[in-house]
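Just so you know, the protein sequences line up as chains A and B, in that order. Last residue of the first sequence: 367 (this note's numbering), numbering continuous. Last residue of the second sequence: 367 (this note's numbering), numbering continuous.
Mixed in with the good hints there might be a few duds.
[Stated by the list, open to error] For each label pair, taking beta carbons as the anchor points, the in silico distance ranges come out as:
no., chain 1, residue 1, chain 2, residue 2, range
1, B, 72, A, 45, 43 to 51 Å
2, B, 153, A, 97, 33 to 41 Å
3, A, 314, B, 332, 33 to 41 Å
4, A, 196, B, 115, 27 to 35 Å
5, A, 264, B, 195, 40 to 48 Å
6, A, 99, B, 327, 52 to 60 Å
7, B, 273, A, 75, 28 to 36 Å
8, B, 351, A, 332, 56 to 64 Å
9, B, 151, A, 51, 37 to 45 Å
10, A, 260, B, 327, 55 to 63 Å
11, A, 307, B, 52, 48 to 56 Å
Calculated from the structure, these hints are not laboratory results. Since this is a predicted model, take the numbers as computed values, not measurements. Glycine included, each C-beta is placed from N, C-alpha and C at the ideal position.
Protein chains: 2
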Amino acid sequence: MSGQPTPIIRMRDAGYYSANTIGARHVIDSCIPLVQRAVAEIPLTGGAFRVADYGAADGGTSLGLQRALVDAVRARDAGRQVAITYTDLPHNDFSTLFRQVQAGLGDLPGVFAFASGTSFYSRILPDASLHLGFSGTAMHWLSRLPGQLADAVHAVLGTAAERVPFAAQAAADWQTILLHRAAELAPGGRLVLANFCQDEAGYYLGYTGRKNMHATFAKHWAGLRDAGVITEAEVRAANFPQFYKTVAEFRAPFDDPASAVSRAGLVLEHCETRITPCPYAARFAQERDPAAFAAAYVPTLRSWSENVFLGALDASHPAGQRQAIVDRFYASYEAEVAAEPDGHAMDYVHCFMVMAKQG
Amino acid sequence: MSGQPTPIIRMRDAGYYSANTIGARHVIDSCIPLVQRAVAEIPLTGGAFRVADYGAADGGTSLGLQRALVDAVRARDAGRQVAITYTDLPHNDFSTLFRQVQAGLGDLPGVFAFASGTSFYSRILPDASLHLGFSGTAMHWLSRLPGQLADAVHAVLGTAAERVPFAAQAAADWQTILLHRAAELAPGGRLVLANFCQDEAGYYLGYTGRKNMHATFAKHWAGLRDAGVITEAEVRAANFPQFYKTVAEFRAPFDDPASAVSRAGLVLEHCETRITPCPYAARFAQERDPAAFAAAYVPTLRSWSENVFLGALDASHPAGQRQAIVDRFYASYEAEVAAEPDGHAMDYVHCFMVMAKQG
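Only chain A is shown next, with the shape it has when bound in the complex (with noise of 0.2 Å):
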């Protein structure tokens, strides 16, 4: 920090602060009317309302959205408690989520926060106890890495025959996931989803016409072996365990009859997709900082990729060293937004999905 004049330093913070978290709470909160819908039409029977928040995090981007709901039961039923399972992985940081959902929904009586850690790949619930279950931003996660990729490290830039093996192991994976959600849900119940899509435009997260954030990973990658830093077997082995479906691909299960799900009474009543802007490139489009911009900008994508990469890299390297070789590779990135920031963005690209539980 020293030599830098500190009210600028922290006038950038400030304007950055949190737009990751900003980001996506926008997509969540552009799911409350669907939820408020959808809450209109569920059976109201005895004991709570149960609400099921999967692959929920730390609970915060949500908060609003669950206040809506509580709203939205409490308009219907004066009276009616509201029990909450937030869901994510046994290393999730329950304590943070526990401490966030007791700051954000603490003031509303009669509302029931507790904590599953159990992957959606597996049943959660018990048979017909949900009402309505919301997910957001979270079932691009495949259940297992099913494929290698040479030059991308995103299945959404694979070759056609790399792509195969993840659609496949992605249909599977959308299959468990809506089974085990068709069990826990009660008749009548509702699922209100936001996932991560390949839109009916090609476009997807990071990639909306203009710089492809997945190739330009890719591209600073390869870089590293360029240098001599790592070695072709490193840059093949960074590969995220994730695919982006299409509408058709969300759609199949439902659109045909036969299909498990539609035979679990699984009916689809509402499919679209939308582009939520990304909060780093709006505000460089006002400000024009392109190095606040790019300082910004780059350690949001760092948060959800950099496992992937310390990942690809061998363990003969010290643990210091792969460290500094990720260092180096974010840093490579951010020197090209810095450089040339325009056209870089992480747009989220999301289908939003509703889904009915007949009964």
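Based on the hints, put chain B in the right spot on chain A.
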């Protein structure tokens, strides 16, 4: 470790390893017959059989009880699902809890685990949603420290006047706990509780007629003042926010038909006290190795008592010095045990209660 013959150290470790867990688990396992009888009486309404484990910490010590509980439910209805909610304060390590429960119960089909990071001094579950609530060795922690003790560190050795606000807080806290649980229980649901008590002989945790653990704490703590290490104010500031109720105090809300607890429909079905022997003292009686006993026994006291002594030290000590003072405190306790081991024991003294929600 250098200079010590490794095999002997490993024998000591193996001998004393997890004796603390074993003792706590013995107490909980001794509740299994009470739980089995309770399950046989509870009406099986629709949906999952819902269980709560209040103040569960990492969930490890109650795994045997929870398996027996699932077996008892399945003996009545082979297909009945079971949902277990583990509760503790928000800072509890819920990731470890989920991993332990997955390892310990994951082979049982139709069992669902949840967590709630909510104090049992608050409402945790929706109205009438609980079939069986259990708690093992948790409710001696008061909701606040209600007074100061001059010479004692625990209210059990306080003066009659000093005990008054502790007894009043314990009575109020007990009513708070019971009224919340009465609201949570379904009609016919049961609570099975194992709580530290002062029994009919006047015995309590760490005092069963021979040496007194709480007196030994106080003696070594005052010894630091006599050695000029801590101040008189620091001696007085070490107070456990705990109370060991007598059987009469546990029974009071149930013996008065006009009490708030009785009016809430909670009825006492079973109440007895029992002593569970200290596993460290039991092993010492077999092995007669005073140094090994002292080295294993004092760290287990330290595990639950250290924060009280650290917290009593004035902030004017640097942090490293505070830790060194507490190291010296437990070292002097350990030296006493090693020199005169006979009579030292942390026997558990519990009141076991079963109560039913009428309706």
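Consistency of the hints with the structure:
Distance hint for residue 72/B and residue 45/A: a CB-CB separation of about 47 Å, consistent with the stated range 43 to 51 Å. The hinted range of 33 to 41 Å is satisfied by residue 153/B and residue 97/A, whose Cβ atoms lie roughly 37 Å apart. Taking the beta carbon of each, residue 314/A and residue 332/B are about 39 Å apart, inside 33 to 41 Å as hinted. A beta carbon spacing of about 33 Å between residue 196/A and residue 115/B agrees with the range 27 to 35 Å that was offered as a hint.
The supplied range of 40 to 48 Å is met by residue 264/A and residue 195/B, whose beta-carbon atoms lie about 45 Å from each other. In this structure the hint that residue 99/A and residue 327/B lie 52 to 60 Å apart at CB is violated, the actual value being about 29 Å. Roughly 33 Å separates the CB atoms of residue 273/B and residue 75/A, a value that falls within the hinted 28 to 36 Å. Checking the proposed 56 to 64 Å range against residue 351/B and residue 332/A shows it holds: the Cβ atoms sit about 59 Å from each other.
For residue 151/B and residue 51/A, the Cβ-Cβ distance of about 39 Å falls inside the hinted range of 37 to 45 Å, so the restraint holds. At roughly 59 Å, the beta-carbon separation of residue 260/A and residue 327/B lies within the given 55 to 63 Å, and the hint holds. The hinted window of 48 to 56 Å between residue 307/A and residue 52/B holds, with their beta carbons roughly 53 Å apart.
Consistency note: the structure conflicts with earlier hint 6 alone.
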